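Visitor: Chain A: place on chain D using the hints.
2 protein chains.
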Amino acid sequence: MPVGTAATVKGITVPQLEDTGAQMVLANTYHLHLQPGEAVVEEAGGLHRFMGWSGPLLTDSGGFQVFSLGAINRIDDHGVTFRSPRDGSRILLTPERSMEIQMALGADVAMAFDQCPPQPSGEAEVALACRRTHDWLERCVAAHRRADQALFGIIQGGCFPHLRRESAAVVAAHDLPGVAVGGVSVGEPPEEIHRILRLLGPLLPDTKPRYLMGVGSLPEMALAVAQGFDLFDCVLPTRLGRHGTALVGGERWNLRNARFRRDHTPLDERCPCLACRRHSRAYLHHLVRSGEMLGRTLLSLHNLTTSLRFTSAMARAIREGCFAEDFAPWRPDSPAAHTW
Amino acid sequence: MPVGTAATVKGITVPQLEDTGAQMVLANTYHLHLQPGEAVVEEAGGLHRFMGWSGPLLTDSGGFQVFSLGAINRIDDHGVTFRSPRDGSRILLTPERSMEIQMALGADVAMAFDQCPPQPSGEAEVALACRRTHDWLERCVAAHRRADQALFGIIQGGCFPHLRRESAAVVAAHDLPGVAVGGVSVGEPPEEIHRILRLLGPLLPDTKPRYLMGVGSLPEMALAVAQGFDLFDCVLPTRLGRHGTALVGGERWNLRNARFRRDHTPLDERCPCLACRRHSRAYLHHLVRSGEMLGRTLLSLHNLTTSLRFTSAMARAIREGCFAEDFAPWRPDSPAAHTW
Numbered sequence: 001m002p003v004g005t006a007a008t009v010k011g012i013t014v015p016q017l018e019d020t021g022a023q024m025v026l027a028n029t030y031h032l033h034l035q036p037g038e039a040v041v042e043e044a045g046g047l048h049r050f051m052g053w054s055g056p057l058l059t060d061s062g063g064f065q066v067f068s069l070g071a072i073n074r075i076d077d078h079g080v081t082f083r084s085p086r087d088g089s090r091i092l093l094t095p096e097r098s099m100e101i102q103m104a105l106g107a108d109v110a111m112a113f114d115q116c117p118p119q120p121s122g123e124a125e126v127a128l129a130c131r132r133t134h135d136w137l138e139r140c141v142a143a144h145r146r147a148d149q150a151l152f153g154i155i156q157g158g159c160f161p162h163l164r165r166e167s168a169a170v171v172a173a174h175d176l177p178g179v180a181v182g183g184v185s186v187g188e189p190p191e192e193i194h195r196i197l198r199l200l201g202p203l204l205p206d207t208k209p210r211y212l213m214g215v216g217s218l219p220e221m222a223l224a225v226a227q228g229f230d231l232f233d234c235v236l237p238t239r240l241g242r243h244g245t246a247l248v249g250g251e252r253w254n255l256r257n258a259r260f261r262r263d264h265t266p267l268d269e270r271c272p273c274l275a276c277r278r279h280s281r282a283y284l285h286h287l288v289r290s291g292e293m294l295g296r297t298l299l300s301l302h303n304l305t306t307s308l309r310f311t312s313a314m315a316r317a318i319r320e321g322c323f324a325e326d327f328a329p330w331r332p333d334s335p336a337a338h339t340w
Numbered sequence: 001m002p003v004g005t006a007a008t009v010k011g012i013t014v015p016q017l018e019d020t021g022a023q024m025v026l027a028n029t030y031h032l033h034l035q036p037g038e039a040v041v042e043e044a045g046g047l048h049r050f051m052g053w054s055g056p057l058l059t060d061s062g063g064f065q066v067f068s069l070g071a072i073n074r075i076d077d078h079g080v081t082f083r084s085p086r087d088g089s090r091i092l093l094t095p096e097r098s099m100e101i102q103m104a105l106g107a108d109v110a111m112a113f114d115q116c117p118p119q120p121s122g123e124a125e126v127a128l129a130c131r132r133t134h135d136w137l138e139r140c141v142a143a144h145r146r147a148d149q150a151l152f153g154i155i156q157g158g159c160f161p162h163l164r165r166e167s168a169a170v171v172a173a174h175d176l177p178g179v180a181v182g183g184v185s186v187g188e189p190p191e192e193i194h195r196i197l198r199l200l201g202p203l204l205p206d207t208k209p210r211y212l213m214g215v216g217s218l219p220e221m222a223l224a225v226a227q228g229f230d231l232f233d234c235v236l237p238t239r240l241g242r243h244g245t246a247l248v249g250g251e252r253w254n255l256r257n258a259r260f261r262r263d264h265t266p267l268d269e270r271c272p273c274l275a276c277r278r279h280s281r282a283y284l285h286h287l288v289r290s291g292e293m294l295g296r297t298l299l300s301l302h303n304l305t306t307s308l309r310f311t312s313a314m315a316r317a318i319r320e321g322c323f324a325e326d327f328a329p330w331r332p333d334s335p336a337a338h339t340w
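Chain order of the listed sequences is D and A. So that you can map any letter, position 287 of the first sequence is 287 in this note's numbering, and since no number is skipped, the others follow by simple counting. So that you can map any letter, position 59 of the second sequence is 59 in this note's numbering, and since no number is skipped, the others follow by simple counting.
In case anyone wonders, no lab produced these hints; they're calculated from the structure. In this text, all values refer to a predicted model and were calculated from it rather than measured experimentally. Ideal placement from N, C-alpha and C gives every residue a C-beta, glycine not left out. If a hint is listed, it holds; no wrong ones were tucked in.
Covered stretches of chain D (chain A as the covering partner; in silico rule of three or more C-beta atoms under 8 Å from a C-beta of chain A):
#1 46-55
#2 261-270
#3 296-309
Covered stretches of chain D, going by a simulated chain A footprint (3 or more residues, C-beta under 8 Å):
#4 1-8
#5 13-24
#6 36-43
#7 278-291
Isolated chain D (complex conformation):
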C-alpha cells in the first residue's frame, strides 16, 4: 500500500497512482483528524469520494503518529492525551474515539488502536504496552459498528518471543477479518525483524489477510511473504523519491550525483513507469539539481512502480509455484531478479 497520509500520495495524481499498479492505499487517521477533520471527509461521502480513489483503502488508528509525532501529555489505560500541532489544543485519543474517526472516514479497513512502545524498550514496558493493546482491542471491537468496514487487530510484543506469542494468541481469539503485526521496523536491526517474522508466521490464522505494518524494503517483504504476509505499507518509495533517490535493482541511487549528469540512458530499462519510459537519468538529475517538483513526482512514481512490480512478481511466482525458488530468500543479486 502506498502511503497517502493526508488523503494524497504525495505529488501523485489518482490516475498516476493507478498506473503504478497500486491495489490499495493507506491514509493516516491522525493527520486527517487534524486536517480537514473527519466531519468534512464524511460529508464528502467518505475517504474514497473525498480523495477520488475508488480502490480499497485502509486507515491506521492514529496511535503510531500520536506516539511518534505528538507532544504527548499523558498515556494511561483510558487513552492518550496530546497537544494538537496546529493550535496547541488538547486532544484525547481513545480506542472508542479512534473507531469513531475511522468509521467517519469510511475506509474499507480500520485498524485497532494500539500502543507501539519506542525502540529499544525493556521487557516490562513492552509487556505493559501489550496488555494495554489487548484491552484496547476489546474496546475497539465493542465500539466498531460499521458492517461495510473490516477491523484488523494488531499484534505487539517488540523483540520478546513470549510476548509476541501471547499477543498473537489474544488477537487471533477475536477472529477479526484481518491480523496485523505492529512494532516492527521501528529501529531494530533486520535480523530482529526476520526473527519475529519467522516466529509469528506459523502462529497467524491461515484464512485471514496478514498485514505487516511499516515494512516496505524488498528483502523484508520477500521474507514476510514467505511467512504468509499479504499486506504492507511503507513511506519509503515516496519519501526517497522526494529526496532525489531512486530504487533501482535493489539499490538506492542518489540522482543528485554528478555521475548522472551526462547519462542519457533510462533510469531502469526494465521499469515501465513514466520516468523510465519517457526520460533519461540526465534529465532526472537535472530536475533534482534544479529542485523541480517534477523530479520529486517522477522519482516517487518510479519507486512506487518498482516496489509494486516486486510484490506483483511475488504474487505471480506464488501462482506459478516458483516463489520459494525465486524469492525465499531474495537478495539484490539473487537470480530471481530476472522474474520482475
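Guide: Just chain A, lined up with the frame of chain D:
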C-alpha cells in the same frame, strides 16, 4: 505556450501537459544555460528529447532574465555581463552567444537577443534600448545558422508610439519567419497594453506568426487576437496554481479560503481537467491548506487547461466567423462565456 523554464512546466508531467491542450511550450535559455548547460541538452539530442516533449518548442533569448533577475555588471553595445547566481562567475551574454546557446538547445523557434528596458523608463532610455535591440537583431540574424530553427525578431519601444512604429518597421524589414512584441506586461496599466496592441496590429506582417511576449490574461489575449496575434506565453497559470489560486470564469479564487472547506462541488463544472473531473473544491482546499504538492499540480493543471480552453475557443470562433461577436472585446461577464 505554458512556460517550462527549466525544461519542465513546474509540477506537470508530459502526458499531463498534452492533456491540457498545449500545442507549444516555452523554455528559458538563461536557466538552461546555467543548469544543466546547453552542452548536456545538445548531447541528449536537443531540448525535445531532453525533456520528452515532442511538440513545438520555443526558447527565449535569455535577455529578459538577465535584465530582470541577474546581478548585472555591465550593459554595452557588445552585450551584457552578469554574475552567475550559482557560483558568482562572470558570464557574458551577447547576441552571438544567445544564438549559439539557442542553436545548441535546438528548439523549433529561437528568439532574437533584445534589451527590454525596465518600466517606467524615459524616452531616451527606451530609444537607446530600441537602437541596441535593432543592432543586436542584425547580429542575431548573421549568427543564426540552423535551417531547422526559426528565428523571430522582437519589437521594443515601450509606451512610445513613434518608437514602436520605428521598431516594427526595422523588424519587419528583416523578413524573419515570425515577429514578436516585447516590453509589454512589464508593469504598465492594461490601458497602455491595449493602446500598444491597437497601434501595432496594423503594422505587423500579415503572413507571419505574431507573438505577444509575457501576456496570458484572458482579456489581454482576446484583445491581442483581435489584432492578429497568434502566440502567447505566461507563467501566470502555473505560478498562481502553485500558490493555491484557481482561474475560474475569469476570476481568481484563492482555494485557501475557508469558504471552500465544505464545498463538495467541482472547482469548475465546465472544465474537463483532472482537478475538476475527479475532485472537489473541499479536497483542493484541503490539499492547499496541507501544503501538499498534489494541490499545486492539480491547480496548475486546471489553470493551464482553462487558459488553453480559452485560446482554443478563440481559434474555433475565428474559424466559425463569430470571433468579433464573442471575443472582441471579451470580459468575464461577456455573453461569450458560453462559447468556452
